[in-house]
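Engineer: The primary structure of each chain is shown beneath.
Protein chains: 2
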Amino acid sequence: MAATIRDVAQASGVHVSTVSRTFSAPHLVNTETRNRVLAAAEDLGYRPNRAARALTTGRTHNLGLIVADIANPFFSHLIKGAQAHARTRDYHVFVADTDEDPQVEEELIQTLAKQVDGVLLCSPRLSNRVIEKLREDVPFVVVNRRMKGMSNVLMDVGSGAREAIGHLVSLGHRRIALLAGPAGSWTSREITDAAHAVPGIDLTVFGPNSPTEHGGLALAEAVASADVTGVLAYNDLMAIGLVEGLTALGVEVPGRVSVVGIDDIVAGRVSRPKLTTVAMPAEAAGRTAVDLLLQLVGAGETATPALATLATNLIIRDSTGPVRRELRTDP
Amino acid sequence: MAATIRDVAQASGVHVSTVSRTFSAPHLVNTETRNRVLAAAEDLGYRPNRAARALTTGRTHNLGLIVADIANPFFSHLIKGAQAHARTRDYHVFVADTDEDPQVEEELIQTLAKQVDGVLLCSPRLSNRVIEKLREDVPFVVVNRRMKGMSNVLMDVGSGAREAIGHLVSLGHRRIALLAGPAGSWTSREITDAAHAVPGIDLTVFGPNSPTEHGGLALAEAVASADVTGVLAYNDLMAIGLVEGLTALGVEVPGRVSVVGIDDIVAGRVSRPKLTTVAMPAEAAGRTAVDLLLQLVGAGETATPALATLATNLIIRDSTGPVRRELRTDP
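Residue numbers (this note's numbering), protein chains in the order written: chain A, 1 to 331; chain B, 1 to 331.
Among the hints, a few may not be true.
[Stated by the list, open to error] Taking lysine-lysine and the BS3-like style, the derived pairs with C-alpha atoms no more than 25 Å apart in a straight line are:
id, chain 1, residue 1, chain 2, residue 2
1, A, K114, B, K80
2, A, K114, B, K114
3, B, K114, A, K80
4, B, K114, A, K274
5, A, K80, B, K80
Simulated from the structure, these hints should not be mistaken for lab results.
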């Protein structure tokens with residue numbers, strides 16, 4: 001049986017409320033008493049009930065982190081970054097997964113809101129309107145979506161997409177397909193807008209799509225029969241699925257079609273051909289988001305929202321190559 | 001501003017404690033009052049504070065899930081299985097990552113113990129002694145370690161290892177290396193014991209090792225210079241890292257060395273050569289662990305520990321092949 005607050009009170013000869021105060025507001029307890037209580041607590045192996053303490057102090061020292069798909073390596077790196085950094089600030093991070101379902105996302109935010117000091121919401125699929133309503137209950141930092149009046153951590157994926165398409169163009173590609181991500185994704189919209197703004201190319205957009213290996217695989221026939229020589233996919237999982245599908249159809253990558261992903265996950269580095277990709281600073285985003293969230297938690301109602309934008313960069317590997325002469329067009 | 005319990009009490013004309021009781025012990029409130037309180041709560045958008053309710057009812061409807069490395073796809077599939085299944089039972093699962101550090105593991109269990117109804121501890125690195133002490137505070141199910149007197153979900157990785165080595169033997173391999181996993185891993189011990197028990201082979205064990213791609217990469221030189229033609233790795237990440245390292249050294253896989261992983265993660269399916277592996281039922285293990293944990297939570301002190309052992313199976317792909325004639329030995 002774990003020691004209770006009553007055991008500690010009895011052992012140190014004080015009232016239960018004094019023990020409680022020693023843990024929740026130690027500066028209000030005189031030094032001699034405080035030391036006696038803490039010594040007794042240590043002897044008995046007593047740990048203050050954080051849930052109970054939360055009711056007194058309003059702080060749990062826990063953060064919630066909500067992601068769309070915990071099995072997507074992009075999110076696991078973001079989680080690792082956030083957890084490691086929070087640990088150095090004496091915070092634990094508990095992670096929940098929405099399975100790309102806006103309904104579940106809303107439910108999880110509501111559940112977490114009263115149990116943690118703040119929530120990191122990554123790549124939300126909910127509408128801005130719903131998020132704005134939910135954040136009345138708990139401090140929020142949103143990662144991968146720009147929302148005015150809120151703290152945001154963004155990755156400069158628009159630049160990344162421009163750089164990726166510029167790379168394809170430099171290899172002679174002009175007819176380019178963009179595989180969009182899920183509906184409701186800010187990142188997907190940024191990529192699409194950036195791609196549309198590139199001059200001198202003939203762009204075909206497929207989507208919205210499920211941002212998974214299967215989502216990419218399912219597009220292989222459409223891409224093979226479209227008149228394109230270069231592809232930019234919403235993420236590496238889709239790019240890997242597409243390459244699998246094209247290979248199965250006898251369409252060589254990069255001989256016939258060049259493919260670029262986004263994220264830089266391990267699977268892209270070990271797949272054949274090795275995937276050219278736009279690296280996203282997922283771990284750094286996790287760390288930065290924790291910093292911004294703890295600023296909000298510390299400042300309370302007076303908090304000023306902050307915006308951090310992190311750079312992306314193109315990594316050229318083997319899934320992109322020069323357009324074949326017989327496929328070249330000079331528009 | 002979210003509605004408080006006081007707002008609901010005022011709107012329904014009852015005392016705050018009656019509102020509290022309506023949510024924590026509805027059978028103790030008369031029907032007419034209960035309906036009035038619930039209607040007011042709904043009108044005002046009031047949600048009972050689950051932390052406060054937990055202090056009254058002793059139930060949070062949350063489960064904790066602790067894994068060694070959230071970035072290892074094996075664990076993400078286990079998490080997905082557990083979360084999806086818990087959701088159907090009206091439970092949320094919050095995940096925490098120990099970063100393979102037994103100290104952090106102990107801390108997280110202590111933190112979670114008072115905030116959730118039960119803990120799923122996956123692939124612990126802590127000693128049995130410490131785990132047995134910690135479980136006095138909260139119901140526990142341990143995944144991937146056999147512990148007498150506790151509920152366990154195991155995968156039959158011993159059979160899997162035997163099957164993998166049998167496959168290598170059937171291809172003519174006799175000199176076989178085993179890349180062990182981390183110290184403290186029950187799974188690694190099971191694999192090692194099973195490998196030692198296979199007759200007629202010459203086994204070299206490397207390790208303990210970090211169960212990551214880097215851990216496998218770091219062993220490439222040692223494996224290349226050891227006199228072996230077949231390798232079984234503790235997991236797919238290590239196998240993939242090893243293949244990368246061997247390829248960089250000019251050692252062909254499977255031409256010169258055949259490599260088998262364990263887990264069946266996506267990266268192994270898209271890597272070249274495609275990885276032969278022992279598939280581990282990670283999602284099913286997550287679901288089963290939730291079932292066993294909710295049995296413990298429901299039964300309280302009278303709970304009987306249960307043991308579930310799930311089958312593994314060998315998936316033969318391209319990273320294993322017949323031993324070359326000039327390398328063949330017939331002991």
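Engineer: None of the hints should be skipped; say for each whether it holds.
Structural biologist: We went through each hint and held it up to the structure:
1. Between K114(A) and K80(B), the direct Cα distance comes to roughly 24 Å. Compliance with the 25 Å bound is thereby established for this hinted pair.
2. Distance hint between K114(A) and K114(B) is fulfilled; the C-alpha atoms sit about 15 Å from each other, no more than 25 Å.
3. Taking the CA atoms of K114(B) and K80(A), the gap is near 24 Å; set against the 25 Å cutoff, the hint holds.
4. Our distance criterion of 25 Å between C-alpha atoms is broken by K114(B) and K274(A), whose separation comes to about 46 Å.
5. A distance of roughly 17 Å separates the Cα atoms of K80(A) and K80(B); the hinted pair therefore holds under the 25 Å criterion.
Violation of the numbered hints given earlier is confined to hint 4; every other hint is satisfied by the structure.
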